[in-house]
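Protein chains in written order, with this note's numbering: chain A, 5 to 260; chain B, 19 to 412.
In case anyone wonders, no lab produced these hints; they're calculated from the structure. Nothing here was measured: the structure is a model prediction, and the numbers come from that model. A virtual CB, placed ideally from N, CA and C, is assigned to each residue, including glycine. Hints are supplied without guarantee of correctness; some may be wrong.
As the list claims (entries may be wrong) - Simulated restraints on C-beta separations:
(1) Val261/B to Asn256/A: 34 to 44 Å
(2) Met352/B to Asn168/A: 44 to 54 Å
(3) Trp355/B to Asn168/A: 19 to 29 Å
(4) Met352/B to Cys19/A: 36 to 46 Å
(5) Arg217/A to Ser309/B: 33 to 43 Å
Said to hold, decoys possible - One side of the interface only, derived from the structure: several residues of chain A facing chain B at Cβ under 8 Å:
(6) Ser74
(7) Lys95
(8) Gly98
(9) Arg100
(10) Met103
(11) Lys112
(12) Pro120
(13) Val218
(14) Met219
(15) Val222
(16) Val228
(17) Trp229
(18) Ser230
(19) Tyr237
(20) Asn244
(21) Val246
Stated by the list, open to error - Covered by chain A, according to a simulated footprint, are these stretches of chain B (three or more residues, beta-carbon under 8 Å):
(22) 50 to 62
(23) 85 to 92
(24) 186 to 195
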Amino acid sequence: MSKALLYDSTICIGCKQCEQACATQNKLPYNDSIAAEEQQSAHKFTAVLTRNDKFMRRLCMHCEHPTCASVCPVGAFHKTAEGPVVYDVWKCIGCRYCMAACPFNQPKYEWGSLNPRVRKCIMCPDRIAAGKQTACAEICPTGATKFGERDDLIKEAQERIRQNPSTYLNRIYGLHEVGGTCVLILSGTQVEDFGYPASPKIGDTPLPEYTGRVMDRVPDFIPVWSLVLGGIYWISHRRNEVAAAEAEEKKNGGAR
Amino acid sequence: MKVKLTFWRAVFLVIMALGLYSAYVRYAHGLGAATNMTDQFPWGFWIGFDCLCGVMLAAGGFCIVGAVYLFNVQSLHSVMRPAILTAFLGYLLFIVGLLFDLGRPWFIWHQLIYMNPHSVMFEVGMCVMTYTTVLFFEFLPNVFERLNWKKPIKWIHNIYPVLIVAGILLSTLHQSSLGSLYLIMPSKLHPFWYSPALPFFFFGSAVAVGLAMTIFESTQSAKAYGRHLELSVLVRLGGALLVALWVNALLRFEDYLRRGMLRQIVKPSYEAYFLWLELALSFVIPITLLSFKRVRLSPKGLYLASIISLFGFITNRLNVSLIGFETYVGHHYMPKWTEFSVTLMIVALGFFLFAVAVKYLPIFPREPEAEEEPVTASSPVLQAVSPVLENAGD
Chain A
5 MSKALLYDST ICIGCKQCEQ ACATQNKLPY NDSIAAEEQQ SAHKFTAVLT RNDKFMRRLC
65 MHCEHPTCAS VCPVGAFHKT AEGPVVYDVW KCIGCRYCMA ACPFNQPKYE WGSLNPRVRK
125 CIMCPDRIAA GKQTACAEIC PTGATKFGER DDLIKEAQER IRQNPSTYLN RIYGLHEVGG
185 TCVLILSGTQ VEDFGYPASP KIGDTPLPEY TGRVMDRVPD FIPVWSLVLG GIYWISHRRN
245 EVAAAEAEEK KNGGAR
Chain B
19 MKVKLTFWRA VFLVIMALGL YSAYVRYAHG LGAATNMTDQ FPWGFWIGFD CLCGVMLAAG
79 GFCIVGAVYL FNVQSLHSVM RPAILTAFLG YLLFIVGLLF DLGRPWFIWH QLIYMNPHSV
139 MFEVGMCVMT YTTVLFFEFL PNVFERLNWK KPIKWIHNIY PVLIVAGILL STLHQSSLGS
199 LYLIMPSKLH PFWYSPALPF FFFGSAVAVG LAMTIFESTQ SAKAYGRHLE LSVLVRLGGA
259 LLVALWVNAL LRFEDYLRRG MLRQIVKPSY EAYFLWLELA LSFVIPITLL SFKRVRLSPK
319 GLYLASIISL FGFITNRLNV SLIGFETYVG HHYMPKWTEF SVTLMIVALG FFLFAVAVKY
379 LPIFPREPEA EEEPVTASSP VLQAVSPVLE NAGD
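Make a model of the complete structure from these sequences and hints.
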């Protein structure tokens, strides 16, 4: 059973306490000017965005089949049993494939650092392991960000839509996107207006499958292709030998 | 020994000075100060050119080795050593480029201990590392021959079949995998360049570029070192290049046809301009040129056609890695001057090392009127060994 966060943008009041709690939890700086930054960055793992008096939170989606974990050449990302997708900085070589590949553009980089890290929300794995909620869910005064079991939260989200069909769009963002995510979003407006990628664009197929189709063939390809190449080499090599031997024979025959 | 300051040497020194300053900026102030990369554009010119184009331009090594040893095209023997040298230098410089681009280059060896077999990047990394080693061994006979070491030459001769098969296998894998890197970004890369067939395109273009690059470097070194150019070799390469270009062009056409993109690619748009440029340079112009027998039989014509196609395929890789992401990101990416200058330094270093290697090692087959190397040419041991080498692996 994996844990998840349900964010209901219709209840969110834009107080940004989640931003502050996140900063404290992850030992990041936080002040008024950072609060005013309307985008995520290496020092802002989550951001509450405002458009036309509507609010929307952005944070790592903690995919069920995380792209970042699949692409990382040194396996610096992995998904824990509880759901968070976490980052082992000591493995990272800084290739930034995770950033290039993430469909939600969540990994951010410390561009100014001489020993830069990839930074993103890691869903407070220590707190979860200790049986606590994430920092953002704990501080949220309205319950807009709710922590729980993914399956329970899906049921609850469906129930909320059923009871207030006029408030919500009939969609839970993250239920199926790229194979499902551990952050689920309910909203009365299109999440795409806040920079989330459109569902049809990213699709329901886990992205690792796209490269997996190719990578799965590699173990078979290596012996087969080696044999083919070796075979061709042997044949052309042999042909030379035979030709040389024949030439030799002819020469000898002619001399006799 | 006195070294005269010629025009090109002065240019080289300026490039190196600027490059070293940029390297200082990169390592003293970080990637943010030295590049225009951002969280939205995490892969810039160093990935697009140094890595994707660098590996492609070094493909001549496996193409020529394959032609000579697998398909028995003995006439290409004379260009094999320069092709292997170019490939070896290309891969070494690719690794240098990577050390600039990686955020934590001092942990590059982590690849060997924290392996993630699902990662295309991991596969590319391992293949490149192993293939560079293979190229090193394929390059070594040059050094041994120069030093008159007979035993090691024989030893390499013995493992030559393994080196050849491994080299081509590894090249097939990582040349195509460079394209597979982008398979996981279907929502980001523009549909003009995102295709499930990316690995095939990358491999196909590597073969074409390998041939074009061999024509380019043979002609160039003939000019630079006053060497006699074997027209028959160039003509042979030119014919192969024409076939390779046709195969690539048909693959691309088939892909656009199958994905129903033909209508979009002829409609003017920002991406379409870059696509047209790419298709014109890599296919339309060189194929047209090479279709004329007169061009195919003239060194100048072959040189021109291969240079144009090289620029075409470089445009292709930059389109895949940079231009193809601009619409998704929503803004343009223009490399900082320090990014260009580091790349320029690496390329200049490549030309320099090539020249040094040609000067001191028996890269080119000895000419009948041996001008420069009377010492090595008259060495009786070498005379005895060289036939062994020339037929290494046969």
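Hints, one by one, checked against the model:
A hinted range of 34 to 44 Å for the beta carbons of Val261/B and Asn256/A is consistent with their spacing of about 40 Å. Take Met352/B and Asn168/A: their Cβ atoms lie about 48 Å apart, and the range 44 to 54 Å holds. Between Trp355/B and Asn168/A the CB atoms are about 56 Å apart, so this pair departs from the stated range of 19 to 29 Å. Distance hint check for Met352/B and Cys19/A: the Cβ-Cβ separation is about 39 Å, which falls inside the suggested range of 36 to 46 Å.
Taking the beta carbon of each, Arg217/A and Ser309/B are about 37 Å apart, inside 33 to 43 Å as hinted. Checking Ser74/A against chain B: minimum C-beta separation of about 5 Å stays under 8 Å; hint holds. Because the closest C-beta pair between Lys95/A and chain B is about 5 Å apart, less than 8 Å, the hint holds. Using the Cβ-Cβ criterion of 8 Å, the hint placing Gly98/A at the interface with chain B is satisfied: the shortest such distance is roughly 2 Å.
Checking Arg100/A against chain B by beta carbon gives a least distance of about 4 Å; that is within 8 Å, so the hint holds. Hint status for Met103/A: holds, given a least beta-carbon distance of 4 Å to chain B, under 8 Å. Checking Lys112/A against chain B by beta carbon gives a least distance of about 5 Å; that is within 8 Å, so the hint holds. Interface restraint check: Pro120/A against chain B, minimum CB-CB distance 4 Å, threshold 8 Å, status holds.
Hint status for Val218/A: holds, given a least beta-carbon distance of 5 Å to chain B, under 8 Å. Taken as an interface hint, Met219/A checks out: its beta carbon lies about 6 Å from the nearest beta carbon of chain B, inside 8 Å. Of the supplied interface hints, the one on Val222/A holds, with its beta-carbon coming within about 7 Å of a beta-carbon of chain B, less than 8 Å. Of the supplied interface hints, the one on Val228/A is violated, with its beta-carbon coming no nearer than about 10 Å to a beta-carbon of chain B, more than 8 Å.
Proximity of Trp229/A to chain B holds as hinted, the smallest CB-CB distance being about 5 Å (cut-off 8 Å). A distance limit of 8 Å between C-beta atoms decides the matter here; for Ser230/A the minimum to chain B is near 5 Å, and the interface restraint holds. Hint status for Tyr237/A relative to chain B: holds, with the closest Cβ pair at about 6 Å, below 8 Å. Taking 8 Å as the C-beta contact cut-off toward chain B, the hint placing Asn244/A at the interface holds, the least distance being around 6 Å.
Annotation: interface hint on Val246/A violated; nearest CB of chain B at approximately 12 Å, more than 8 Å. Residue count for the stretch 50 to 62 of chain B with a Cβ under 8 Å from a Cβ of chain A: 8. That meets the three needed, and the coverage hint holds. Judged by the Cβ-Cβ criterion of 8 Å, the stretch 85 to 92 of chain B is covered by chain A as claimed, because 4 of its residues qualify and three suffice. A stretch counts as covered by a chain when three or more of its residues have a beta carbon under 8 Å from one of that chain; for the stretch 186 to 195 of chain B and chain A the count is 5, and the coverage holds.
Violated hints for the displayed structure, listed by number in ascending order: 3, 16 and 21.
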